[in-house]
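**Q** Spelled out, the chains give:
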Amino acid sequence: MFELSVENTGGHVIHLKGEIDIYSASDFKERLYNSIGEGGQDVILDCSDLSYIDSMGLGILVGALKRIKQQNHDIVIKNPKSTVRKLFRITGLDKVFIMEEAGA
Amino acid sequence: MKMSDTVSVLIPLKAEYVSVTRLTASGIASHMGFDFDTIEDIKVALSEVLSKIIEKRLSEERITIEFTNTGDGLSIAFILANQTGLNLFDGENDNFALAIIQSLMDEVDFNQNENIVMTMTKKLGKAV
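Line order of the protein sequences matches chains A and B.
Each residue of the first sequence is one higher than the one before, starting from 58 at the first, in the working numbering.
Each residue of the second sequence is one higher than the one before, starting from 59 at the first, in the working numbering.
Worth flagging that the hints you see were computed from the coordinates, not collected in a lab.
Some clues are possibly wrong.
What the hints assert, rightly or not - With a Cα cut of at most 30 Å, we get these calculated DSSO-like pairs of lysine-lysine:
no., chain 1, residue 1, chain 2, residue 2
1, B, K72, A, K74
2, A, K123, B, K181
3, A, K123, B, K60
4, A, K152, B, K72
5, A, K152, A, K138
6, B, K60, A, K135
7, A, K86, B, K114
8, A, K152, A, K74
9, A, K135, A, K86
10, A, K126, A, K86
11, A, K143, A, K86
12, A, K74, A, K123
13, A, K126, B, K181
14, B, K181, A, K86
15, B, K60, A, K74
16, B, K114, A, K123
To be verified - Sample of chain B residues with no beta-carbon within 10 Å of chain A, all distances over it, derived:
no., residue
17, V67
18, H89
19, E98
20, K101
21, I112
22, A139
23, L144
24, D164
25, K181
Note that beta-carbon positions come from the ideal geometry of N, C-alpha and C, so glycine has one too.
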């Protein structure tokens with residue numbers, strides 16, 4: 058089960074919920090790319106309710122970041138659970154994305 | 059689950075069944091006494107392997123995932139017929155998956171025989 062919702066109050070905040078794996082990856086990619094458009098602003102990905110993401114999901118995030126970086130903007134990974142954060146650390150992506158913890 | 063006990067799960071090679079095997083792994087690992095974080099690691103590694111097999115369509119229709127209590131840990135074998143020499147991680151976008159699996163599991167072996175694509179083991183009491 059995976060859900061993506063967009064909050065349009067001020068900054069561009071995208072909430073991710075559930076599991077992103079091989080089953081939901083194509084849906085995730087399509088909805089994420091639609092949400093960020095041409096990448097004309099910073100995007101905050103709220104991962105508070107994201108329970109699982111696999112390498113395929115991480116690859117999609119990297120693709121989205123490339124698109125946004127072309128417009129000199131960034132993606133912020135906000136409040137990832139420890140299990141999700143660990144995958145960013147293992148793959149080195151915690152140095153590529155801006156990681157923001159709860160209360161930071 | 060006692061030492062040398064084996065549980066086999068036979069699933070269709072379809073994306074929607076990966077989450078089912080995650081649940082199975084969770085139940086077995088929990089029963090063996092792994093802690094929460096380690097169980098999550100095992101689930102992640104298992105999913106990465108299955109996703110690659112499905113993505114590359116290594117087989118006909120079904121795959122057997124064999125969970126074995128080795129006494130000091132949990133061994134998980136991915137069994138398909140006649141798959142000698144195949145490399146799951148030879149694509150340019152496979153480095154994330156391989157890095158994750160090798161980081162989270164204690165032992166990873168490929169192609170032990172013509173039917174085993176890969177085996178990975180997590181030792182009890184060795185959290186990452």
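**Q** Determine whether the non-interface label on A139/B survives the test: each CB of chain A must be over 10 Å from its CB.
**A** Check passes; 22 Å lies beyond 10 Å.
**Q** K181/B: least C-beta distance to chain A exceeds 10 Å?
**A** With a cut-off of 10 Å, K181/B remains clear of chain A, as the shortest Cβ separation is near 18 Å.
**Q** Holds or violated: K74/A with K123/A, Cα cutoff 30 Å?
**A** holds, 23 Å
**Q** Between the alpha carbons of K60/B and K135/A, is the straight-line distance 30 Å or under?
**A** violated, 42 Å
**Q** Please verify whether K72/B and K74/A have alpha carbons no more than 30 Å apart.
**A** holds, 22 Å
**Q** Please verify that the nearest CB of chain A lies beyond 10 Å from I112/B's CB.
**A** violated, 6 Å
**Q** Hey, K86/A versus K114/B, does the alpha-carbon distance stay inside 30 Å?
**A** holds, 19 Å
**Q** Quick one, are K181/B and K86/A close enough, alpha carbons at most 30 Å?
**A** violated, 35 Å
**Q** Taking the shortest Cβ-to-Cβ distance between K101/B and chain A, state whether it exceeds 10 Å.
**A** Label violated. Min Cβ-Cβ 8 Å, cutoff 10 Å.
**Q** Was V67/B rightly flagged as not at the interface, with every chain A Cβ beyond 10 Å?
**A** holds, 17 Å
**Q** Please check whether the beta-carbon of H89/B is more than 10 Å away from every beta-carbon in chain A.
**A** Given that every Cβ of chain A is farther than 10 Å from that of H89/B, nearest at about 20 Å, it holds.
**Q** Does K152/A pair with K74/A here, judged by a C-alpha cut-off of 30 Å?
**A** At roughly 23 Å apart (the allowed maximum being 30 Å), K74/A and K152/A satisfy the hint.
Of the numbered hints listed earlier, those contradicted by the structure are 2, 3, 4, 6, 13, 14, 15, 19, 20 and 21.
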